[in-house]
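Undergrad: Here's the letter readout for the chains.
Protein chains: 4
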Amino acid sequence: MTQAANNRRLGLWLIGARGAISTCVGYGLGGLGQGLLDPIGITTTRPPFTELPLVPLESIVLGGHDVCARDMSQSAGELVRAGVLPADLVTACASFAGAFERRIRPGVLDGPDVGFADLDPRAAELGAAAPLEQVRRVAADIDAFQAETEVERVVVVCVASTEASRADQPEWADLAAFERALEAERPQPASLIYAYAALSTGRPFVNFTPSLGAQVPALRELAEKKGVPHCGNDAKTGETLVKTALAPMFHARALRVLTWQGYNMLGNRDGEVLRDEAHKQAKLRNKDESLRSILVDSPDLHSTVGIDYVPSLSDWKTAWDFIHFEGFLGARMSLQFTWAGSDSALAAPLVLDLVRLADFAAGVGESGAMDQTACFFKDPLGGGTHDFHQQYARLLAYAERHLAR
Amino acid sequence: MTQAANNRRLGLWLIGARGAISTCVGYGLGGLGQGLLDPIGITTTRPPFTELPLVPLESIVLGGHDVCARDMSQSAGELVRAGVLPADLVTACASFAGAFERRIRPGVLDGPDVGFADLDPRAAELGAAAPLEQVRRVAADIDAFQAETEVERVVVVCVASTEASRADQPEWADLAAFERALEAERPQPASLIYAYAALSTGRPFVNFTPSLGAQVPALRELAEKKGVPHCGNDAKTGETLVKTALAPMFHARALRVLTWQGYNMLGNRDGEVLRDEAHKQAKLRNKDESLRSILVDSPDLHSTVGIDYVPSLSDWKTAWDFIHFEGFLGARMSLQFTWAGSDSALAAPLVLDLVRLADFAAGVGESGAMDQTACFFKDPLGGGTHDFHQQYARLLAYAERHLAR
Amino acid sequence: MTQAANNRRLGLWLIGARGAISTCVGYGLGGLGQGLLDPIGITTTRPPFTELPLVPLESIVLGGHDVCARDMSQSAGELVRAGVLPADLVTACASFAGAFERRIRPGVLDGPDVGFADLDPRAAELGAAAPLEQVRRVAADIDAFQAETEVERVVVVCVASTEASRADQPEWADLAAFERALEAERPQPASLIYAYAALSTGRPFVNFTPSLGAQVPALRELAEKKGVPHCGNDAKTGETLVKTALAPMFHARALRVLTWQGYNMLGNRDGEVLRDEAHKQAKLRNKDESLRSILVDSPDLHSTVGIDYVPSLSDWKTAWDFIHFEGFLGARMSLQFTWAGSDSALAAPLVLDLVRLADFAAGVGESGAMDQTACFFKDPLGGGTHDFHQQYARLLAYAERHLAR
Amino acid sequence: MTQAANNRRLGLWLIGARGAISTCVGYGLGGLGQGLLDPIGITTTRPPFTELPLVPLESIVLGGHDVCARDMSQSAGELVRAGVLPADLVTACASFAGAFERRIRPGVLDGPDVGFADLDPRAAELGAAAPLEQVRRVAADIDAFQAETEVERVVVVCVASTEASRADQPEWADLAAFERALEAERPQPASLIYAYAALSTGRPFVNFTPSLGAQVPALRELAEKKGVPHCGNDAKTGETLVKTALAPMFHARALRVLTWQGYNMLGNRDGEVLRDEAHKQAKLRNKDESLRSILVDSPDLHSTVGIDYVPSLSDWKTAWDFIHFEGFLGARMSLQFTWAGSDSALAAPLVLDLVRLADFAAGVGESGAMDQTACFFKDPLGGGTHDFHQQYARLLAYAERHLAR
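Residue numbers (the numbering used here), protein chains in the order written: chain G, 9 to 413; chain S, 9 to 413; chain P, 9 to 413; chain F, 9 to 413.
The following block holds chain G by itself, in its conformation from the complex (with noise of 0.2 Å):
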């Protein structure tokens, strides 16, 4: 072990910084350096990770970009209302929010999504500008906040709402097509943007949602390149998390799964964003292949995942799950669950556990995806198994190689 991790400090750098997810990595932050909250949810603060040296989270200083125009407090208040933030926190942690609100700056609008509520006009100027203008930006908001706060390295995390799905590009499939395609104004999605700007200057990327970020080809190389770990896509927070902890049960058991079908309720901002056919896509593609990836056995399995906007739930997102197996003698059977759990409150936690386990790779010198954080994700940048314990082994694994050292 190579690192003296205490007196540094870390940047985490959001995109989507006023959404509900990153205004609860704000306040939770907030609120545990206050020792106000236990840090539940946080894998990292348990044994055996406890033991490496992971930047400690009061030692995160936050800032961010958004394409939004409101303000933290509209969505904290949100929050509060819908029982996820205590109103407690909000008024004990108003300081510590607003210098994270006072370092958010405008963000680039993805182009589908021109002309959605709430915008920030200069975000949309910026949604307009040539792509390398974009990712100069984007960089130099980054720099400055670096050189603001004076912390040691800074993390970046896509946790902007889902963007609209694109067919692949022929410029995505290797760095210096891509390259070319940014010095030739070919417009590209805002999140390829964002990971181009942190990637190319030196910083690892996490990309928490199931935009493209760093997962295309032309990406990666880039991490490669440039000796920075990434890793991603979709954090695994809800019923895809209970999914694939119940299918490895059937697999193991040689039962046959006849049918997965799985309805997913939501009403944050999220869900809105996915009344929209194309940004809907790009949010189902990751559901699907994690069962059929572990139910190998159950060749002809019938699964459709349904998805609805449900304003009244708010951030509680609400899911029903049919299994429905045959077992010997070829009884059938069924098994069928209901989640109901806050999306964000669900979701932050898992964003401070990304960002500690990145500042660590790339203290450790790792480049490249990190593959120890497949539990993390729907589809994770390395691949492997869903199986999410085998995938929680595989971090576990990760961490006593280092410890042993």
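Hints are computed from structural coordinates only; laboratory data are not their basis.
Every clue listed holds true.
Since the list can't tell identical chains apart, any single copy or any two copies may satisfy a pair.
Heads up, simulated SDA-like pairs for lysine to any residue below, C-alpha to C-alpha not over 20 Å straight-line:
{"no.": "1", "residue 1": "288", "residue 2": "312"}
{"no.": "2", "residue 1": "288", "residue 2": "119"}
{"no.": "3", "residue 1": "288", "residue 2": "173"}
{"no.": "4", "residue 1": "288", "residue 2": "315"}
{"no.": "5", "residue 1": "288", "residue 2": "124"}
{"no.": "6", "residue 1": "288", "residue 2": "314"}
{"no.": "7", "residue 1": "233", "residue 2": "189"}
{"no.": "8", "residue 1": "288", "residue 2": "174"}
Since the structure of chain G is already known, use the hints to place chains S, P and F on it.
TA: Leaving out everything else, chains S, P and F in the frame of chain G:
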């Protein structure tokens, strides 16, 4: 690998041979032999276990003890009406089932069960005999079965209804004390008599039930002394299986489980027996412990396990579990599931797995508690984690260790 | 009361006579006649309906039309495997079912269904005939059935798979226009042809399905003109039944329903047909309206009804509904339910109820929409409340009115 | 109609005035008065009840008794943390709640509750006084409240935690015997003392709980003699409400209910009290009867009602019901539901309804059991059907009868 598996025949002696599980084992083996069924639910029919020289399923010959008078066609009829056994299968396997039935002998009636309905008077008579006479008669029945069927080895499996719970007896603490008690004609629970008869004649013993079987120190000592492998207790077929597959997810994600309530309903003979409080205690004992051992970061976990006899459900065990947990920011979330499975169709394939594994272990000279089978039990004889996925990983590792030889 | 019920025989002519509902009606009537079944699910076998001189169930004689080629033993086999029909019953009622089957004639294939699997080529041929020729042939089949079986009256019931949805046609607006269109050889949906054939020959018509049947003004006019009673549409058998039984509770308690999501899964032929979007629209139309009409104090109700084809469920329709509501102080609460029922076994007894009630109404000289049957339908022909309890109270009042005479 | 409603003021005297229901009544009335809340959940705020001259909600003045020492801000804090009371509302209604709190007097501690936590020593002292002295003190407190607040009438409502169950006493059989027992200083359950104090001073009494209240013959006689209306017992707020709304559907459809299991979990003070077996029996008594009275065609109904204290749920009563039923052809189907509601937010609006209805009944000179309120109770004082819809129809008929005058 030193065994030549394929030309051997194995005896499977079932304690509770007229019950629903044995009936499913009987018709299931019959149907598999005739190619009418797929081996769904039998873990050892899938890789990597297919590479071990396990005894072929079609080489297993059935016999057993029972205390009931009713014949197997009655059990089969109930299971057909319940939608567990297909009527066609019963017709197709009539002669196979008939041969099994002719090899069933009256068993040892457990003291507290005197007066239950449907009893074979010869079982009541044997239940009243002196313990050593009971042992002698049980062993003689199994010897006769082995001689008649010319099987190479007999594995004894207890699938009888849950026995009434007893306070610990001093004579169970070591083998010498136990054997003195037998000679002094102190009556013993029937499951101990069966286990003693099996182990003392060098036969592997599988305790599929929450009854005592071979779990008392005296009998564990006997197994070691005789060099016989054995395993148990209380097969993990339904709600507890799901529990121990899900609880590790909460642990890995550092979520704090506040409450885990489990309400079980069952309508078969096992359920009927549980209306008696003494039998119910034995059954419930193993249901609660597993959660606490996994959720070590939730020390204040509130957990109740209920079990009710619901006759209309017949063999269809139905359970509802409610899990209330706390995430980041103190947000309270829930997961609830309903499991509806045929108790016997879930159990029968595990019996076949365990018989094959016990036979294999005996063949390679292993003795004592079969730690590798922990994933099959609510209260594994060898102790260890209750995390289903870790238990299964242990079974995989066992197979791979043997394959590597 | 002017009818002498008991020495009459009634013909029941089923459109969709080889389908699952008809199969259950057939074996059910057979089993009731032999005393093998209790009349569970048949409302009219209970007080006060038992006091009305309704035709005895054992006096009902079956015949019908179908467009499929497969024979009833195939439907029966599927229902046995699905655990709906007991195998014993199929054996015991073989001759009754055989007699029914011999009275099935090829039906009129609906235009959009051309090319579906399993079709009887004679049905395809009839589907391509001129509308008046279709009417003539349908009526002739029913006439021949009545002559052969010497039944006093024939009630025609449409239980065929849901027909593809169509835009409203001007010729449906009144009878004269409709008859001109028939003469002009404008093709019509098959359900209209059947309804026209029934009503124009003075036979009561029951539309058990969401198809058009007799609900267009032209045919309602015909029923009035001919003095024939008729009812429909779309039997309320499962999730909608539960919905309309529960929603009045929220209304009576002045609770504000925010969201009512309903996810339906079905695996039978009806479900298979629904994979086609045009058929699905017809089915969904009636599922949403009922809630809004009951929950008049929840004007912002968000409600989605989903319906998915899940083959493994076979005849077992399974639905999950999630109801999110607001109580005093703005507290947000929820009710969720899972309904798992055999679609055909729920539907078949309602067919028998409706046939008896239609026959009774005809006998006492009532004509037009049978308002008293609203509790049986998702979209009752006579309109009115969808509150199940108020609808049922109306049926009780109808019975009592007739009993008081 | 003979009342002039609008310039009257009404006193509402709550037994259990510091509990969660009273707290919701207090802040709820406060919020309604300030226009901060909609009157959701209050049946009498909707037609046709809006046309009756019921006392306006803003004219209700609160006071009450309690045996606990803690102040209302503690209850309010718990309800805010549980997500029932909005924090904003508590702030806005602080002075209204404060005025209510100042009108709370120490109550009569029920004998079996001696030693419970948090007790007001003055309540313990009063609990130990002679019965007639208890009556005198209770009545004097209410008189003083009426004098101070100058309300026209006081309705007394018992919302205290469930009292321990007692065997029937001979002195409860008629009023003379009861009054002799009071004079003979035979201790009585506290709820009888309150009921006697209210009725004997001509004040309507509402028993919202399963405690005895005014349901014994002696007190019913008193109400008749004094010409005072009263109602009870045990408000139908949650699972039983859903049960009695659903069961009539099974009855109307002639379906045979085989099993109805209900598992209730609750975490508030009421639940804590239920950990004591004597208190639990009183609560469970009324939960089972209602089903059997509706499902008269299911004489073999198997039904168990469980109730567990689950502290993490706080005020959120959560129940799972499993209904197993038989349809046509013997097919076995199921309905299951999960209800999750805030116990207090469901109860408080019913208190307001009942107070308005009791005041109205007293105003028009009705006395004895208020049959029209059966839909609000698990065990309605006047008996009759438990079918919620029929009960509600009776309330509507009552309103219409009065409107027609």
